[in-house]
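**Student:** Sequence:
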Amino acid sequence: MASVFKAAEKAVGSADKKVKDKRINKQRVMLLASRGIVFRYRHLLTDLEGLLPHSKKDSKLDTKDNLVILNELADLNNCNNCIFFEVRKRKDLYLWMSKTPNGPSVKFHVQNLHTMDELKMTGNCLKGSRHILSFDKTFDSAPHWQLLKELLSQVFNVPKGSRRSKPFIDHVLTFSIVDNRIWFRNYQVVEKNKDNTPGFTAKDKGDVSLVEIGPRFCLTVIRIFDGSFGGPTVFENPEFVHPNFVRAAQLKEQKAKYQNRQAAISERKVRIKESEGQEGELSNKRVFQ
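Just so you know, we're using this note's numbering here: the sequence shown kicks off at -11 and counts up by one.
No wet-lab data here; the hints were simulated from the structure.
Just so we're clear, the structure is a prediction, and the values are computed from it rather than from any experiment.
Please note that a few of the clues may not be correct.
No farther apart than 27 Å at their CA atoms in a straight line, the calculated lysine-lysine pairs in the DSSO-like style are these [what the hints assert, rightly or not]:
| hint | residue 1 | residue 2 |
| --- | --- | --- |
| 1 | K45 | K87 |
| 2 | K182 | K193 |
| 3 | K14 | K243 |
| 4 | K14 | K87 |
| 5 | K77 | K52 |
| 6 | K48 | K79 |
| 7 | K154 | K193 |
| 8 | K148 | K87 |
| 9 | K257 | K77 |
| 10 | K115 | K79 |
| 11 | K261 | K240 |
| 12 | K77 | K137 |
| 13 | K137 | K125 |
| 14 | K44 | K87 |
| 15 | K180 | K137 |
| 16 | K257 | K245 |
| 17 | K125 | K77 |
| 18 | K108 | K87 |
| 19 | K154 | K45 |
| 20 | K108 | K14 |
| 21 | K115 | K77 |
| 22 | K137 | K154 |
| 23 | K125 | K48 |
Required output: the full structure, derived from the provided sequences and hints.
**Tutor:** Structural data, given as structure tokens:
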């Protein structure tokens, strides 16, 4: 009986070893968009899905008001991060990034958007390969930038051994802060050789260069929340101007140009009528009747 018990104990121990997951970093990202997304923004979502092999794409969300249900969707998909594309008026793209279900979360305004199909850069990388994250030193200058750095690193960092990922590192994702906005770029790491480097010498052996792949976009921080898709406001950007106000100012400027032109035409007609004056006895109309 003792031998039978030892054999059963070994079988249970081996089964536990097979089930046990040795991964420390278990980040998974859920990607989805709101209803009414246009093709350019949909292509950007597809590009991000290709860059993040640990992501899971979900169907479109019908509501734009009750975003708290995204926490339940992330839980159902076994994800602890969420990237949500909110499209307004089929023109403005807002990117929500959250640590579900407890937060924090941030709302960005996406500008200067160029997808991989639009750029057609010469860079290329293996699909599903892992990448290096590069952050600007400005991220350490203020507390809200430090919080965004930690959030971006957890969302975009591909865990080792995650599903659909390959054990190679051949590209770099850079996040730079310029003009109080975050600029995203994706570069391929290329080793210099005789084929891709003119004037290659033995000294250049082992050197690397960066070739842009795409996509590229710019993120303007609107507000940082303490919770996931809501809660108390941690930081609010005072320099952010809503796109509706920008479009309203442009329409007002165009309207002012039209009004000024019409006023100038009416003033010209008045001046012409005043310059004609009254007809005298020797005027052409009276002499040559």
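**Student:** Looking at the structure, which of the earlier hints fail to hold?
**Tutor:** Failing hints, ascending: 3, 9, 10, 11, 12, 15, 17, 18, 20, 21, 23.
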